[in-house]
Amino acid sequence: MTQTRTNILSRLKMQQRDTAMPPMWQTQQGFDDLAEQFVAALTAVHGEPHLTPNLETAAQKLGEILTELGAKRVVCNDEVPLSDLNLAERWPAIQWHIVGQSTGDLRDFSATADAGLSSGAAAIAETGTLVIRSGPGKSRVATLFPPVHIALLPTNCLTTDLFTFTASRTGDLPANMTFVSGPSKTADIEQTMAIGVHGPKRFIVILYRET
Amino acid sequence: MTATVSEFRERATVAIADVRLQTALEGATGRFAASREAALAELPWADELRDHFKAMRAATLANLAAHLETFERNALAAGAQVHWAQDGAEACAIVTEIARRRGVTLAAKSKSMATEEIHLNAALAEAGVRPVETDLGEWIIQLAKEPPSHIIAPAIHKTKEQVAELFERESGRPQSADDIPALTAEARRMLREQFLAAGMGISGGNVMVAETGSVVLVTNEGNGRMVTTAPPVHVAVIGIEKIAPAWDDAAVWLSLLARSATGQPMSIYTTVVTGPRREADPDGPEEVHVVLLDNGRSHLLGSKYEEVLQCIRCGACLNVCPVYREAGGHAYGSPYSGPIGAVISPLLFGLDKYAALPHASSLCGACKDVCPARIDLPRMLLELRADLVEQGLAPTKEGAMEKAAAFALRYDKLWRVVTGLGRVGQRPLLKNGKLQVPDQFNPAGERQLPSLAKKSFHDLWRDGEV
Chain P
0 MTQTRTNILS RLKMQQRDTA MPPMWQTQQG FDDLAEQFVA ALTAVHGEPH LTPNLETAAQ
60 KLGEILTELG AKRVVCNDEV PLSDLNLAER WPAIQWHIVG QSTGDLRDFS ATADAGLSSG
120 AAAIAETGTL VIRSGPGKSR VATLFPPVHI ALLPTNCLTT DLFTFTASRT GDLPANMTFV
180 SGPSKTADIE QTMAIGVHGP KRFIVILYRE T
Chain F
0 MTATVSEFRE RATVAIADVR LQTALEGATG RFAASREAAL AELPWADELR DHFKAMRAAT
60 LANLAAHLET FERNALAAGA QVHWAQDGAE ACAIVTEIAR RRGVTLAAKS KSMATEEIHL
120 NAALAEAGVR PVETDLGEWI IQLAKEPPSH IIAPAIHKTK EQVAELFERE SGRPQSADDI
180 PALTAEARRM LREQFLAAGM GISGGNVMVA ETGSVVLVTN EGNGRMVTTA PPVHVAVIGI
240 EKIAPAWDDA AVWLSLLARS ATGQPMSIYT TVVTGPRREA DPDGPEEVHV VLLDNGRSHL
300 LGSKYEEVLQ CIRCGACLNV CPVYREAGGH AYGSPYSGPI GAVISPLLFG LDKYAALPHA
360 SSLCGACKDV CPARIDLPRM LLELRADLVE QGLAPTKEGA MEKAAAFALR YDKLWRVVTG
420 LGRVGQRPLL KNGKLQVPDQ FNPAGERQLP SLAKKSFHDL WRDGEV
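Those protein sequence lines, which keep their order, are chains P and F.
Counting along the first sequence from 1, when you hit position 54 you're at 53 in numbering that gives the first Met the number 0, and nothing is skipped either side.
Counting along the second sequence from 1, when you hit position 170 you're at 169 in numbering that gives the first Met the number 0, and nothing is skipped either side.
Chain P extracted, bound-state conformation (with noise of 0.2 Å):
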């Protein structure tokens, strides 16, 4: 193990040369409006974004969802904004998994949820992409078993591209972070495309402005 890793090592380091890297690429898109862009760049991929004023109509608008969804079990991540609104006390009629706080079992009830509810740690717009961040109160498999996805987030997450994400990146990374740029999908069956594979089938993202 140790020998193979000093061979392979000592093999690469014969080659060494001193190659400059080329100065960072600096990004070259550039949009009028982020969340105009996010809104048409999910829905070309099949994504379900919505964008209003603030964070009272978007809760609204997650109401509405979760009614035409007929929602009964939701697992939600802990996380703001979604911390703030009560979803309990709004919607009494769902069994809701909040993860770190309710009892029972986040992966079994994951795995039989209706819908997962996250925010985001940013949104790119260029691609319609949300990134989400592992950490305390953020659970994996909320956004990732259930059918449905739906992400609420803040207009000022906003990223132009990812050029633009990675280089305002800072500190260290969760183990894990994941880009979603539109719902599970696949073509491996005569180039059909098919929505909904493994991961959510839809994916929906409720942009509101207000801060």
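Because the hints were derived from the structure by calculation, they are not lab data.
Even glycine gets a Cβ: it sits at the ideal position worked out from N, Cα and C.
Accuracy of the hints is not assured; some may be wrong.
Each pair of labels, with its calculated beta carbon distance range [as the list claims (entries may be wrong)]: (1) F:A92 x P:T102: 41 to 51 Å; (2) F:V388 x P:K12: 42 to 52 Å; (3) P:P91 x F:R191: 29 to 39 Å; (4) P:E63 x F:R378: 54 to 64 Å; (5) F:D46 x P:A39: 23 to 33 Å.
Below, a sample of chain P positions facing chain F; criterion: calculated Cβ distance under 8 Å [claimed, not checked]: (6) M23; (7) A166; (8) R168; (9) Q190.
Not everything, but these chain P residues come out facing chain F in the computed CB check (under 8 Å) [claimed, not checked]: (10) R10; (11) Q14; (12) R16; (13) M20; (14) L86; (15) R139; (16) V140; (17) N155; (18) T159; (19) F162; (20) M176; (21) T185; (22) G195.
Go by the hints and put chain F onto chain P.
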């Protein structure tokens, strides 16, 4: 698997005669190529971005050891375990040993060319672990017991009827070939059980990022998220060349990868794994292992083939290759097919075993044109052809003919005598200006060779007729 000249010809002939396969290949590669072009056209600076990427990949490889050490340090700091594997056997032993220690009997796999390369599934099965491929295409070919026929779309050659039949056998329930969404839903149901039951998730890696010790996985289906989330152990097997020093470099990589592969601006899921679950995380694997696979790569560094290590396995070169589009992936006898496969299969697995592949190209250059890293595959195909001759691997008949031709061409008079004799000698074989050579002697295969002209170009020129 190997691809000698006769094996390649035999397999390609079968593929070319298969009408359904030809339709599937043409449709899929055509769509991929058109989508790629459209996606890059959306970026007016795509050419500069590719130039930048090429420079970045070259500079990274020039200092590969340092980047790998940085990666290792940061991955360890994040709690991951890093293993080094000289070859496929070592890599398989590392993975099966982890499985043994954890008492794993079922492993869920997301699509990975590296694990195809080392035949990990066979090693797992031997060690008593059942590997289940979870990429839909990869699962289909696992059920069919076939190797992948395209880097991005492994089951490109399968029809929906064949898929329905395979699913019927697996599920024990009737399946409708005409309902692709229903087939997909069936796969979701069956594979979900496997994800939840698996003791280990196995993936490849699209790129490692040295500055944070992260492994990045790109999928559209979400199986990459599943295998890194649901099972208690995650093992990623990655070639040592797939590394970006910093996140700014990874951003360039990722913005070219999906566009070049499927024409998407970004794949649906890009998963970044930096170590196992943290103490306060509600879920995630308890153990994360990264297996750094050499398997011949380090020997290419500093050689005339170093450039091939810049490859990011997007598959764009396959979709535009006139040989791949006719012969299909299985003709190459390697998990890596198409132009990139024609170069790396002989380099990684032996030129003697893959002697046909350097010739499986018309050298049209389309592969180089579409490569996100602008890898000069035609140049390396030519280098490999030269190696075949130098290593005595070229057919002796071919060598003798080339030598005879070189000799005759060297002396004008001799050449005139030879061609003059040829003009007379060909008479019995002439038909409508073509040579009717019996098939077994025809060096051009099924095609008819043109006859020698009545008057050579040389003579026409001398007599002022051209």
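Structure-based check of all given hints:
no.	hint	result
1	F:A92 x P:T102: 41 to 51 Å	holds (43 Å)
2	F:V388 x P:K12: 42 to 52 Å	violated (33 Å)
3	P:P91 x F:R191: 29 to 39 Å	holds (30 Å)
4	P:E63 x F:R378: 54 to 64 Å	holds (59 Å)
5	F:D46 x P:A39: 23 to 33 Å	holds (25 Å)
6	M23	holds (5 Å)
7	A166	holds (7 Å)
8	R168	holds (6 Å)
9	Q190	holds (5 Å)
10	R10	holds (4 Å)
11	Q14	holds (3 Å)
12	R16	holds (4 Å)
13	M20	holds (5 Å)
14	L86	violated (17 Å)
15	R139	holds (5 Å)
16	V140	holds (5 Å)
17	N155	violated (21 Å)
18	T159	violated (12 Å)
19	F162	holds (5 Å)
20	M176	holds (4 Å)
21	T185	holds (5 Å)
22	G195	holds (7 Å)
The structure is inconsistent with the numbered hints 2, 14, 17 and 18, although it conforms to all the rest.
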